[in-house]
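Read top to bottom, the protein sequences are chains E and R.
My numbering puts the first residue of the first sequence at 8, with every later residue one more than the last.
My numbering puts the first residue of the second sequence at 19, with every later residue one more than the last.
No wet-lab data here; the hints were simulated from the structure.
Please read these numbers as outputs of a predicted model, since none were measured by experiment.
Backbone N, C-alpha and C fix where the C-beta goes; we use that ideal spot for every residue, glycine too.
Hints may be right or wrong, so weigh each one.
Once the Cα atoms are required to be at most 27 Å apart in a straight line, the calculated DSSO-like pairs of lysine-lysine come out as [as the list claims (entries may be wrong)]: (1) E:Lys432 <-> E:Lys498; (2) E:Lys504 <-> E:Lys432; (3) E:Lys25 <-> R:Lys84; (4) E:Lys25 <-> R:Lys34; (5) R:Lys84 <-> E:Lys29; (6) R:Lys84 <-> R:Lys237; (7) R:Lys201 <-> E:Lys23; (8) E:Lys29 <-> R:Lys276; (9) R:Lys237 <-> R:Lys276.
Covered by chain R, according to a simulated footprint, are these stretches of chain E (three or more residues, beta-carbon under 8 Å) [said to hold, decoys possible]: (10) 25 to 39; (11) 191 to 199; (12) 242 to 249.
Facing chain E, according to a computed beta carbon distance under 8 Å, are these residues of chain R, among others [stated by the list, open to error]: (13) Val29; (14) Ser109; (15) Ser279.
For reference, the chains in residue letters:
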Amino acid sequence: MSHADTHSHDYDHDHKPKGFVKRWLMTTNHKDIGTLYLIFSLAMFIFGGALAMIIRLELFQPGLQFVQPDFFNQLTTMHALIMVFGAVMPAFVGFANWMIPIMIGAPDMALPRMNNWSFWILPFAFTMLASTFLMDGGAPAAGWTLYPPLVLQGGHNLAFAVFAIHMLGISSIMGAINVIATIMNMRAPNMGYLKMPLFVWTWLITAFLLIAVMPVFAGAVTMLLTDHYFGTSFFDAAGGGDPVLFQHIFWFFGHPEVYIMILPSFGIISEIIPTFARKPLFGYVSMVYATAGIAFLSFIVWAHHMFSVGMPLGGELFFMYATFLISIPTGVKVFNWVSTMWKGAMTFETPMLFAIAFIILFTIGGFSGLMLAIAPADFQYHDTYFVVAHFHYVLVTGAVFAIVGGVYYWIPKWTGNMYSERLGKIHFWWSTISVNVLFFPQHFLGLAGMPRRIPDYSTQFAEFNMWSSIGGFAFGLAQIFFCIIVWRTIKGKGTTKATSRVWEGAKGLEWFIPSPAPHHTFQDGAPVNDGHLAHVSSH
Amino acid sequence: MSNTNNNQYYVPQLAKWPIVGSIGMTLTAVGAATYMNNQLDSPIVMYLGFATLIFMMFGWFGEVIKESESNMYNPQVDASFRMGMVWFIFSEVMFFAGFFGALWYVRNMTVPWLGGEGTGVFTNAELWPGYEGVWPTNGPGNIGGKFELVDPFHLPLINTVLLMTSSITLTIAHHALVDGARKKVIGWLIATVVLGAIFLFFQVEEYIEAYQHLDLTLKSGIYGSTFFMLTGFHGMHVTLGAIMLTVITVRMIRGHFKPESHFGFEAVAWYWHFVDVVWLGLFIFVYII
């Protein structure tokens with residue numbers, strides 16, 4: 008009863024729309040839309056994770072046990088598409104929605120109705136994409152890269168997959184336009200560009216990448232569609248086209264895309280580390296330039312995904328050296344994070360643990376990336392489990408760890424409840440140990456020559472695969488545990504009330520509003536004084 | 019000045035149109051996909067989806083226009099709209115860049131390699147002996163059979179002049195709007211729409227000519243693919259632009275827009291100039307060179 012009372016009180020106080028349809032389906036509120044994105048992302052994370060569990064189950068031992076090869080290929084393809092477009096990207100947009108307006112002192116996102124549409128396209132698009140599992144010929148099975156000619160030889164799924172990608176693209180572009188308009192137009196009067204939290208900066212640059220490359224991807228899949236259904240010859244050598252052309256266009260999108268999935272992570276980590284090191288971020292301005300540098304380089308390195316396809320030697324060399332260059336701004340970032348912690352008064356709450364694990368494990372992923380960037384060496388590594396290990400280190404212990412760390416960091420602000428630190432720490436150690444058991448052996452498998460995207464393998468790979476699968480199941484279970492923690496925090500079970508500041512060392516506007524954040528913040532403009540901010544530029 | 023408080027940034031309370039848009043988009047996609055796969059015999063679901071999308075646009079834009087005309091938007095809201103449009107056009111630029119990039123790649127890489135240049139000498143000798151690899155081409159497999167090219171200095175040149183002129187008439191209309199000469203604006207806007215419509219008419223003529231007399235079709239190998247996809251997507255954008263111009267013409271007639279504030283007009287003008295610039299690229303890289 009008292010529960011119901013507080014609810015109605017909240018509603019009156021916050022002017023939240025009443026009723027499920029109005030509150031969620033028709034919402035224009037950046038916090039509610041952020042929540043929708045985050046919940047959707049978590050659901051997709053579990054769905055995509057379930058597909059991965061089947062993959063690891065099949066790979067537990069050599070031989071075909073549970074699934075047929077074609078279905079296995081559908082699993083790897085859909086696992087990737089769902090994790091990339093359904094889990095990681097929407098999670099970051101969820102963070103952007105929740106935090107950017109609060110961090111820059113804006114009343115809401117710049118274009119609130121379009122913001123609603125950006126989200127509400129996603130459930131429809133993914134329903135359509137997932138429905139291909141039930142069709143004749145099943146889901147797309149050519150890998151998330153959708154390379155022709157293989158992808159053109161599937162069943163009915165191509166049109167559905169292509170249109171789903173178009174819809175996701177429209178959603179992403181609208182979301183990105185909204186982020187840019189919000190950051191450029193909605194900052195509180197005293198919030199100069201070089202006072203913005205780094206999370207805002209990384210998202211500004213990410214949004215630019217999204218608008219630049221999502222349309223190119225839309226064009227590429229449109230060419231697939233017309234090649235398959237309308238008799239064009241874009242990717243058919245007999246007609247003067249070239250399957251490699253698809254790879255070029257795809258990776259012109261695909262490489263910036265991987266930075267779209269990592270730059271906001273850098274932003275989140277750059278918020279967490281200073282808070283728990285109780286020191287301002289080391290080298291703030293260099294962080295901004297490093298992010299922009301990485302974004303720029305992301306446009307001129309795409310063909311390092313295609314070293315073994317047969318390119319002119321000049322191309323191989325250019326893309327190899329250009330790729331090496333990325334290690335410089337990335338190194339600046341890692342250096343700055345470590346320097347922020349140097350001589351800091353550190354404590355190790357769950358977000359900080361995830362952030363530190365991110366730095367170490369993402370760096371491992373970065374180093375294996377440098378190995379892959381060496382064109383002659385890549386001829387050996389290409390399409391092996393080494394590549395799988397590499398991108399899972401950057402995407403799981405990179406992007407996903409940053410997302411999870413970010414959730415622990417801001418969930419007290421979102422819900423008004425402190426998560427259980429004890430459960431959070433259990434989740435951290437459970438995840439971190441199991442994820443390394445899961446992915447580290449895959450480096451050895453790849454170096455020993457095990458190809459990716461196969462349901463069966465030579466018996467010499469059996470032991471590492473079994474380890475990897477055990478790690479996989481444990482990591483999967485840990486994320487179910489994470490869902491329980493999130494659920495308990497939202498419901499206030501076994502939690503304490505969060506203060507508005509939440510973390511002793513926290514700086515930034517979001518920590519000067521109550522927890523949970525009121526439904527509307529800064530409607531009359533935020534009084535930003537420099538003391539609230541983490542970064543006050545001396546320029 | 020206005021009866022509404024527009025000191026605050028206007029944040030709409032509820033949005034009923036996005037979900038309609040999502041349903042429309044999904045119906046369109048599912049309808050098109052099932053029709054293309056022959057899972058359904060008719061594209062009726064797709065048409066239903068289009069209808070829903072058009073309904074959504076009328077509703078959504080109508081709402082925004084109403085709010086705008088009742089002075090609910092302050093200059094900051096106006097700036098958000100401007101940024102939205104600018105970055106939307108940038109996304110369109112990148113969409114066309116993908117197709118222009120494909121054209122560049124096949125002309126400068128793929129086709130010469132198929133003809134035996136660079137390291138392609140053995141591929142050429144083994145797989146396609148005798149294939150020269152000279153643009154325009156429908157590939158070593160002669161896909162779609164022999165075809166002829168559209169003469170760039172006939173219809174395409176006329177179309178270039180038409181679109182360039184339409185950009186000028188639109189700019190005259192814009193200047194007239196700033197000067198407050200509303201009748202003049204409407205006249206020049208109608209001229210712009212008519213020029214756009216003639217352009218589209220000639221484009222259709224050109225396609226009919228290509229299909230019936232030149233044997234140039236979408237299936238004419240890579241030349242046909244790039245030719246029709248680039249000009250086709252451009253034509254779709256001209257169509258959209260012409261519809262947008264018609265809408266602002268109607269709005270002008272209804273007394274919308276002020277000399278000092280007319281974002282809707284400007285957004286359409288930007289879009290039209292963008293479509294114009296894309297055509298210049300097409301005229302040079304698809305038709306002439």
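A quick look at each hint next to the structure:
1. E:Lys432 <-> E:Lys498: holds (19 Å)
2. E:Lys504 <-> E:Lys432: Answer holds: Lys504 (chain E) to Lys432 (chain E) is near 19 Å, not above 27 Å.
3. E:Lys25 <-> R:Lys84: Holds: Lys25 (chain E) and Lys84 (chain R) sit about 25 Å apart, inside 27 Å.
4. E:Lys25 <-> R:Lys34: holds (14 Å)
5. R:Lys84 <-> E:Lys29: Holds, at roughly 22 Å.
6. R:Lys84 <-> R:Lys237: violated (47 Å)
7. R:Lys201 <-> E:Lys23: Violated: Lys201 (chain R) and Lys23 (chain E) sit about 46 Å apart, past 27 Å.
8. E:Lys29 <-> R:Lys276: Violated, because 34 Å separates the two Cα atoms, which is more than 27 Å.
9. R:Lys237 <-> R:Lys276: violated (49 Å)
10. 25 to 39: holds (count 5)
11. 191 to 199: holds (count 3)
12. 242 to 249: As far as the region 242 to 249 of chain E goes, the hint holds, because 7 residues have Cβ atoms under 8 Å from chain R.
13. Val29: This interface hint holds because 5 Å falls under the 8 Å limit.
14. Ser109: holds (5 Å)
15. Ser279: violated (16 Å)
Hint compliance for this structure: hints 6, 7, 8, 9, 15 are broken, all remaining hints hold.
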